[in-house]
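Asks: Quick note, the sequences are listed as chains A and B, same order. All the letters of the first sequence, read from the start, carry residue numbers 1 to 176 under our numbering. All the letters of the second sequence, read from the start, carry residue numbers 177 to 385 under our numbering.
The set of hints was computed from the structure by calculation and includes no laboratory data. Warning: the hint list may mix true and false statements.
[As the list claims (entries may be wrong)] In the BS3-like style, the derived pairs of lysine-lysine whose C-alpha atoms are separated by at most 27 angstroms in a straight line are:
| no. | chain 1 | residue 1 | chain 2 | residue 2 |
| --- | --- | --- | --- | --- |
| 1 | B | Lys-194 | A | Lys-21 |
| 2 | A | Lys-21 | B | Lys-342 |
| 3 | A | Lys-174 | A | Lys-148 |
| 4 | B | Lys-331 | B | Lys-257 |
| 5 | B | Lys-298 | A | Lys-117 |
| 6 | B | Lys-359 | B | Lys-248 |
| 7 | A | Lys-66 | A | Lys-116 |
| 8 | B | Lys-248 | B | Lys-287 |
| 9 | A | Lys-166 | B | Lys-187 |
| 10 | A | Lys-166 | A | Lys-148 |
| 11 | A | Lys-119 | A | Lys-148 |
| 12 | B | Lys-187 | A | Lys-117 |
| 13 | B | Lys-194 | A | Lys-119 |
| 14 | B | Lys-210 | A | Lys-9 |
| 15 | A | Lys-57 | B | Lys-208 |
| 16 | A | Lys-130 | B | Lys-194 |
| 17 | B | Lys-225 | B | Lys-248 |
| 18 | A | Lys-57 | B | Lys-257 |
| 19 | A | Lys-167 | A | Lys-66 |
| 20 | A | Lys-128 | B | Lys-187 |
| 21 | A | Lys-16 | B | Lys-314 |
| 22 | B | Lys-187 | A | Lys-148 |
| 23 | A | Lys-117 | A | Lys-87 |
| 24 | B | Lys-257 | A | Lys-10 |
| 25 | B | Lys-359 | B | Lys-308 |
| 26 | A | Lys-16 | B | Lys-359 |
| 27 | B | Lys-342 | A | Lys-10 |
| 28 | B | Lys-208 | A | Lys-21 |
| 29 | A | Lys-10 | B | Lys-210 |
| 30 | B | Lys-187 | A | Lys-167 |
| 31 | B | Lys-225 | A | Lys-9 |
| 32 | B | Lys-210 | A | Lys-169 |
| 33 | B | Lys-331 | A | Lys-130 |
| 34 | A | Lys-87 | A | Lys-148 |
| 35 | B | Lys-210 | A | Lys-16 |
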Amino acid sequence: MDDLEILLKKAQENDKDAFGKIYSLFYERIYRYCKFNCQNQETAIDICQDTFLRAWKALPGFDTTKGTFQAFLYRIAKNLIIDNSRKKKEERLDYYEHLETKEDFISDIDKDESIKKLKGAIEQLNQKDKQIIVLHYFEELPGSDIAKIIGMHEGALRVRTHRIVKKLKEILEKQI
Amino acid sequence: MNIEDQLQNLKNEYQGTKAPNYLIYNGWLELKLKLTDRKNNFLSAYLKKALIFAALVLFVLATTAKVSQAAKPGDKLYPLKLATENITSFVTGDQTNKIENRAQEIINLTKENDQNLDAAIKRYEDTVDASKDNTSEKNRQELRNTLHSQEEKLKEAETTSPEDQKLIERALEKTREVQGEIKGARDSNKNEQEGENKNQNSSHSLEGD
């Protein structure tokens, strides 16, 4: 039994300090995942905290034989992100405008024009495809975990990932 | 620049995202305050699951029992129908429903020329025999009335299906036999009571003398 498994077992038995250690292991990754998807620091913090709150409540039902804890955590975060994006569709429209603000514009020039374009292309994908790209390329989670988070078979996920990349290429080519 | 390189660049930027100070210094403290004590929730979650499961089992059982009421002899659900009837008659103390159902099965099978008729008549005989023993003194008259009405129905079936006459006659004989036994028992009870009354009267008259 590794350290995480021991901590999980303790947390399942209502040990809040053990859950605190789990929190310290994952909060940064969950935050950046939320931040990339929400593009708003306040919302990302709220969703990150809510993810751990829900994980705590659902922890007694978590079974290590049915998937990894990180898949369990990312799945909660993904659902909260999708709920949030549904609630705040209008804010998402604001986000496209926000992309063009002076501050972002300058920082994007500083970084890379191609990154900015790719971000824009990813934003044009639907929620599911966007999550697949983020989890596969940026979080570098194993296929089995992503399949669990998204709710797909691993084989279908591989095919879909190829298609999404192809779609991203097309979007970028159109921009040129 | 190809797409893979672009994704790699974005990944570097993505992974460079740092948590804000608020989350680093206050995140856990804030969250800890919100964590509810889960022991009661844990129990109630199990209790909820158990109740839902029990309700589902009851629903399935009730539905199956209800469906089984339409089962005919030889059907897979027929034993369940008999079991349900046994439970009902045990709880209510009423045996007449079972007799009526067995007699109706005989009548239905004669109409359909079913091979299960012989077994159905045997079952009818057993039910009638058992009902005699399982019926209280108070309900004997009701049992006799039921048997009488079944006798009429079976006679009618005999005329409409003459090829099954021999078999139906067996059921009729059993019906009459048990009716007779009930009547005999009632008459002997009556005689015993009359005898007791007479004895009491004669002892009273002797005391008077």
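Asks: Indicate, hint by hint, whether the structure satisfies it.
Replies: Each hint, compared with the structure:
1. B:Lys-194 with A:Lys-21: Judged against 27 angstroms, a Cα distance of about 19 angstroms means the pair holds.
2. A:Lys-21 with B:Lys-342: Distance ~85 angstroms between A:Lys-21 and B:Lys-342 Cα, so the pair is violated.
3. A:Lys-174 with A:Lys-148: 33 angstroms, violated
4. B:Lys-331 with B:Lys-257: Cα-Cα ~26 angstroms, so holds.
5. B:Lys-298 with A:Lys-117: It is violated: about 86 angstroms lies between the C-alpha atoms, which goes past 27 angstroms.
6. B:Lys-359 with B:Lys-248: 32 angstroms, violated
7. A:Lys-66 with A:Lys-116: Given that 27 angstroms is the threshold and the Cα spacing comes to 38 angstroms, the pair is violated.
8. B:Lys-248 with B:Lys-287: 13 angstroms, holds
9. A:Lys-166 with B:Lys-187: Holds: A:Lys-166 and B:Lys-187 sit about 18 angstroms apart, inside 27 angstroms.
10. A:Lys-166 with A:Lys-148: 23 angstroms, holds
11. A:Lys-119 with A:Lys-148: This hinted pair holds, its Cα atoms lying about 25 angstroms apart.
12. B:Lys-187 with A:Lys-117: Holds, at about 14 angstroms.
13. B:Lys-194 with A:Lys-119: 18 angstroms, holds
14. B:Lys-210 with A:Lys-9: 20 angstroms, holds
15. A:Lys-57 with B:Lys-208: Holds - the C-alpha atoms of B:Lys-208 and A:Lys-57 are around 12 angstroms apart, at most 27 angstroms.
16. A:Lys-130 with B:Lys-194: 21 angstroms, holds
17. B:Lys-225 with B:Lys-248: Given pair B:Lys-225, B:Lys-248 is violated - Cα atoms ~37 angstroms apart, limit 27 angstroms.
18. A:Lys-57 with B:Lys-257: 45 angstroms, violated
19. A:Lys-167 with A:Lys-66: Status violated; Cα separation ~32 angstroms.
20. A:Lys-128 with B:Lys-187: 18 angstroms, holds
21. A:Lys-16 with B:Lys-314: 68 angstroms, violated
22. B:Lys-187 with A:Lys-148: Holds, at roughly 22 angstroms.
23. A:Lys-117 with A:Lys-87: Distance ~26 angstroms between A:Lys-117 and A:Lys-87 Cα, so the pair holds.
24. B:Lys-257 with A:Lys-10: 51 angstroms, violated
25. B:Lys-359 with B:Lys-308: 11 angstroms, holds
26. A:Lys-16 with B:Lys-359: 79 angstroms, violated
27. B:Lys-342 with A:Lys-10: 77 angstroms, violated
28. B:Lys-208 with A:Lys-21: 12 angstroms, holds
29. A:Lys-10 with B:Lys-210: Holds, at roughly 18 angstroms.
30. B:Lys-187 with A:Lys-167: Status holds; Cα separation ~18 angstroms.
31. B:Lys-225 with A:Lys-9: It holds: about 22 angstroms lies between the C-alpha atoms, which stays within 27 angstroms.
32. B:Lys-210 with A:Lys-169: Measuring from Cα to Cα gives roughly 44 angstroms; hence the hint is violated.
33. B:Lys-331 with A:Lys-130: Given that 27 angstroms is the threshold and the Cα spacing comes to 79 angstroms, the pair is violated.
34. A:Lys-87 with A:Lys-148: 24 angstroms, holds
35. B:Lys-210 with A:Lys-16: Cα-Cα ~11 angstroms, so holds.
When held up to the earlier numbered hints, the structure conflicts with 2, 3, 5, 6, 7, 17, 18, 19, 21, 24, 26, 27, 32 and 33 and fits the remainder.
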